[in-house]
Amino acid sequence: MTISGEFLAFISLALVAVIGGVLLLNLTKVVHMVVGLVFTFIAIAGIYILLSAEFLAVVQILIYSGAITIIMLFGIMLTRHNDEESDSKGGGWKKVLLFLGVLAFGAAFYIGIYNLDFGTEPAALHEKNTEQLGVALYSDFVIPFELMSVLLLVALVGAIVLSRNDGEKEGDKE
Amino acid sequence: MIQDLLHSSPGLSNFVIFFLLATVFLFVILGFVTYAILAERKVLGFMQGRYGPNQVGGRWGLLQTVADVLKLLLKEDLIPKAADRPLFILAPVVAFAPAFMVVAAIPFTDRLQFADIGVGLLYYIAVSGMTTVGILVGAWASNNKYSLLGGMRAAAQMISYEIPLVMSVLGIALLAGSINLNEIVEAQEKGWFILWQPIAFIVFFIAAVAELNRVPFDLAEAENELVAGFHTEYSGFRWAMFMLAEYVYMFAMCALITVLFLGGWLPLPFLGFIPGAVWFALKFSLVVFILIWFRATFPRIRADQLMEFAWKVLLPVALANIFLTALLKEFLNIF
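Chains A and B supply the protein sequences, listed in that same order.
Under my numbering, read the first sequence as residues 1 to 174, first letter to last.
Under my numbering, read the second sequence as residues 1 to 335, first letter to last.
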């Protein structure tokens, strides 16, 4: 394998993503974990750019690194903000099982990915990326797209119902 | 020039060239920030019937900000004992880095631009949202109730006003048929979008002022309620980073308004002999002046009014604007 600029960029982005994930698992304070997660999200957006999916990359930053992280931070801060996780010590059997699980996961992924064939890649993916996405979304995938919007609407209505439920007295006053 | 460089094969010399260009650009922006602060203080002074800075650097106080920055950099680096040390150090960086990243995507003239990104408009909005994380993390790491309140207010305000900001811009994306900033400017040759999209302009401008956390939407740093808001515990160069981020965003937002609504580098009719860079600078300065004018004129809005205004006024108006634009585009075929 030759070392090209793309390869270097991929390696550094992948490292950031993996380190962010490991930090998320190993840090003890919840806010630190979320910051680790932000780095993973940004690195994944960078990998999307390498795959010439710039629209997806920008949306990834907008939704995941921006919105979802802030919602998580709000959730953490509005509840208890200075609790630390204490390490629970598992027995020897747990560690063995964990190691077997990791091995099985690795093997499954290796077998799954090794002979994966996506077919030939269309050459002009990077040209007018947004337009191509839009055309595909509103011609081939209209029904899934509309179903998604119904799902989001249900979630929205559900959130409103949940948040109004415990304040019925105030609701009656208005 | 940048385009050729971007397409050439990567190497050490290219890295050095990019690094130098970015450094030069950083210094240009620092120069802007220095004189934007001075201009703000001067204009505010004149509007309030006083002189403003007039001691350091001649009668116009031209070196006042330089002296201030020097003082900030020489200050002792304080980190409160109860603060969350790693996050306290990381937060100003996270807040500032996106501010500098968004400026790279803005086209100043048809040649002078760092990155011609296909999704330039969305890139600006997405990356600028990252600063909210920096502010929130900094506020939390300070371990101070005023900081936390200010940070919460800033985050709530910035994510609420991001929605009308994006919605108002959709009308422009419809008319220009693109979200590439260069193509948006080129689509304005028939008339600037401030003429075709006046409603979008008003909504965008209000939302932009709120995004910048400036008066009348400066609840996040309301001095009389919160001491100084999210950066209460910060001092010295870490505080300077937050301030720098704020003013770089002001630079970026004014440039974005110029590009989206005022035709970027395009000249007025019959005045095409003046170069595009000068036109851009003129329009840009006008927008900066209006922002400073706002600050001198408006009182601060109340917290409940702030949220109601975003969700019950700006958002419906922006949605109606999209609908109207789509109808006009489809039935009248102006564009």
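Treat each hint with caution, since some may be false.
What the hints assert, rightly or not - Label-pair distances were calculated between CB atoms; the ranges are: (1) B:Phe27 x A:Phe145: 52 to 62 Å; (2) B:Met307 x A:Phe7: 46 to 56 Å; (3) A:Ala14 x B:Leu78: 51 to 61 Å; (4) B:Ile202 x A:Ile160: 40 to 50 Å; (5) B:Leu78 x A:Gly158: 42 to 52 Å.
Stated by the list, open to error - Some but not every residue of chain B turned toward chain A, in silico, with C-beta under 8 Å: (6) Leu112; (7) Ala115; (8) Gly129; (9) Val133; (10) Trp140; (11) Ile159; (12) Ile163.
Think of the hints as simulated: they come from the structure by calculation, not from any bench.
In this text, a Cβ means the ideal position worked out from N, Cα and C, and glycines have one as well.
The hint names B:Leu112 as touching chain A; please verify it with the least Cβ-Cβ distance against 8 Å. 22 Å, violated
Using the beta carbons of B:Ile202 and A:Ile160, state whether their distance is inside 40 to 50 Å or not. The hinted range 40 to 50 Å is violated for B:Ile202 and A:Ile160, with Cβ atoms some 29 Å apart.
Using the Cβ atoms, figure out if B:Met307 sits within 46 to 56 Å of A:Phe7. 48 Å, holds
Chain A contact restraint on B:Ile159 - CB to CB distance below 8 Å: 6 Å, holds
Does the Cβ pair B:Leu78, A:Gly158 satisfy 42 to 52 Å? Given a distance of about 46 Å, which is inside 42 to 52 Å, the answer is holds.
Chain A contact restraint on B:Ile163 - CB to CB distance below 8 Å: 10 Å, violated
Should the hint that B:Val133 touches chain A count as held when the rule is a Cβ pair under 8 Å? Check passed: Cβ of B:Val133 comes within 6 Å of chain A, closer than 8 Å.
Let's test the interface hint: is any C-beta of chain A closer than 8 Å to that of B:Trp140? 6 Å, holds
Interface hint status, B:Gly129 versus chain A (Cβ within 8 Å): Interface hint status for B:Gly129: holds (3 Å vs cutoff 8 Å).
Given the hint of 52 to 62 Å, is the C-beta distance from B:Phe27 to A:Phe145 inside that range or not? 47 Å, violated
Can we keep the B:Ala115 interface hint, with Cβ of chain A closer than 8 Å? 11 Å, violated
Taking the CB of A:Ala14 and the CB of B:Leu78, does the distance hold inside 51 to 61 Å? 37 Å, violated
Hint compliance for this structure: hints 1, 3, 4, 6, 7 and 12 are not met, and every other hint is.
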